[in-house]
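Novice: Sequence:
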Amino acid sequence: MTRPRLPAYGLFAGLLAAAGLPVYLHAPKFYADNYGLSLAALGSTLFVLRLLDVVQDPLLGRLAERLRHHRAGAVGLAVAVMAAGMVGLLAVAPPIAPLLWLALTLTAVFSGYSFLTICFYAQGVATAQELGPHGHLRLARWRETGALLGVCAAALAVPLAGYAAAFALLALAATLAMRVEWDTSRLPVSGGLRPILADRPARRLLLIAFLNAAPVAVSSILFLFFVESRLQAPGLEGPLLLLFFLSAAAAAPLWSWLAERHGAKRVLLAAMVLAVLSFGGALALGPGDALPFALVCLASGAATGADLTLLPALFARRMARVSPAAAEGFGLWTFMSKLTLAFAAVAVLPPLEAAGFRPGAGNPPEALALLGLLYAGLPCLLKLAAIALLAATNPDED
1 MTRPRLPAYG LFAGLLAAAG LPVYLHAPKF YADNYGLSLA ALGSTLFVLR LLDVVQDPLL
61 GRLAERLRHH RAGAVGLAVA VMAAGMVGLL AVAPPIAPLL WLALTLTAVF SGYSFLTICF
121 YAQGVATAQE LGPHGHLRLA RWRETGALLG VCAAALAVPL AGYAAAFALL ALAATLAMRV
181 EWDTSRLPVS GGLRPILADR PARRLLLIAF LNAAPVAVSS ILFLFFVESR LQAPGLEGPL
241 LLLFFLSAAA AAPLWSWLAE RHGAKRVLLA AMVLAVLSFG GALALGPGDA LPFALVCLAS
301 GAATGADLTL LPALFARRMA RVSPAAAEGF GLWTFMSKLT LAFAAVAVLP PLEAAGFRPG
361 AGNPPEALAL LGLLYAGLPC LLKLAAIALL AATNPDED
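Once you know that position 265 of the sequence shown is 265 in the working numbering, the rest is easy, because the numbers rise by one and skip nothing.
Read the hints as simulated data drawn from the structure, not as lab findings. Ideal Cβ placement from N, Cα and C applies to all residues, glycine included. It is possible that some hints are incorrect.
Each computed DMTMM-like pair below joins lysine to aspartate or glutamate, with the alpha-carbon atoms no more than 20 Å apart [said to hold, decoys possible]:
#, residue 1, residue 2
1, Lys265, Asp199
2, Lys29, Glu353
3, Lys29, Glu228
4, Lys265, Glu353
5, Lys265, Asp396
Simulated restraints on C-beta separations [claimed, not checked]:
#, residue 1, residue 2, range
6, Arg266, Pro359, 38 to 46 Å
7, Ala80, Ala391, 42 to 50 Å
8, Val322, Glu260, 19 to 27 Å
9, Leu169, Arg66, 48 to 56 Å
10, Ala97, Pro133, 52 to 60 Å
11, Ala391, Arg5, 34 to 42 Å
12, Leu277, Arg66, 21 to 29 Å
13, Arg179, Ala354, 44 to 52 Å
14, Leu104, Ala290, 34 to 42 Å
15, Ala294, Asp33, 18 to 26 Å
16, Ile96, Gly73, 16 to 24 Å
17, Ile96, Leu381, 50 to 58 Å
Produce the entire structure from the sequences given, and follow the hints as far as they go.
Specialist: The structure is reproduced here in structure tokens:
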């Protein structure tokens, strides 16, 4: 048995992260600006596609388990589907109605992304067992730092057609790097969904995952609109977004180091409180406040590094106890993260359009006020709910 190559996990995590951000950050504005799609139509489409995941993601978890002995081949096929969907989404002029093309290409990206995430995190549960007492945190440090660096690259995705080509090359490199890591001999046989759903800490961690990821989903969808229209700072979207994710990537190893010494739950709660205190500052910002917003991005990005590193590590550690095969557990985990995106799309875009908001300048004051409340206020409320639930949860309960 070869020792796990942790840099390969970081590279593959970067690929998955680079697949997620452009969809919710760049695609809605790109299709609104270039093809005239309304915010209501975009929000409804994203919501309907997320309903597909209500059925799809748990089934993909079962499929990943069924294909355990052909994991490398299945992963290669899923990477190809995801990369083709990304190229079609961002680099190909719609050959059919733009809204239908958006739906078809997003389906390919989402389906490939979901299957790969399930396989990747399930393999990580077995790999972490070989890395010693803090194996889940060590793996998470590499995995989530790689993911955040992938997000940083995606934040600079201009022009989007060039990004799509670079993404296809990254997909090839990451697949080759991970090809020897899909060792299913490390994976025990799955016990199905029952032991996961019957376990109270696992159920609570899944709910915390939803509440904790929803703020990121809401702010990702509205980020470009907030900077362009609320701050009136067009052109600064890329640098500010890069600052946020570079801060998260730099802080992620520190949070993991602190968690090894003081406990993952305690450190995660402290980071979540920091996120509320820092991100809440965006509520008071308006035209010309780019510099204060940069400070918000710096602090809230650092807090997000803990969210993305420690919460998956807590869930993986729980799966090692109640469902060591983990594929179906991470099928549920992926489903919960996708559900946050469905919630975000339907909760923020249609109300904004109803209030009279349109991308660009010249929006009425009430629309800009609602944009600020949805961008900063709603995420803080959701984060407070996640804090309360995590405080009442013992992830290591017998």
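Novice: Work down the list of hints and note, for each, if the structure agrees.
Specialist: We went through each hint and held it up to the structure:
no.	hint	in the structure
1	Lys265 / Asp199	18 Å, holds
2	Lys29 / Glu353	13 Å, holds
3	Lys29 / Glu228	11 Å, holds
4	Lys265 / Glu353	39 Å, violated
5	Lys265 / Asp396	10 Å, holds
6	Arg266 / Pro359: 38 to 46 Å	42 Å, holds
7	Ala80 / Ala391: 42 to 50 Å	43 Å, holds
8	Val322 / Glu260: 19 to 27 Å	23 Å, holds
9	Leu169 / Arg66: 48 to 56 Å	31 Å, violated
10	Ala97 / Pro133: 52 to 60 Å	55 Å, holds
11	Ala391 / Arg5: 34 to 42 Å	37 Å, holds
12	Leu277 / Arg66: 21 to 29 Å	46 Å, violated
13	Arg179 / Ala354: 44 to 52 Å	49 Å, holds
14	Leu104 / Ala290: 34 to 42 Å	37 Å, holds
15	Ala294 / Asp33: 18 to 26 Å	25 Å, holds
16	Ile96 / Gly73: 16 to 24 Å	31 Å, violated
17	Ile96 / Leu381: 50 to 58 Å	39 Å, violated
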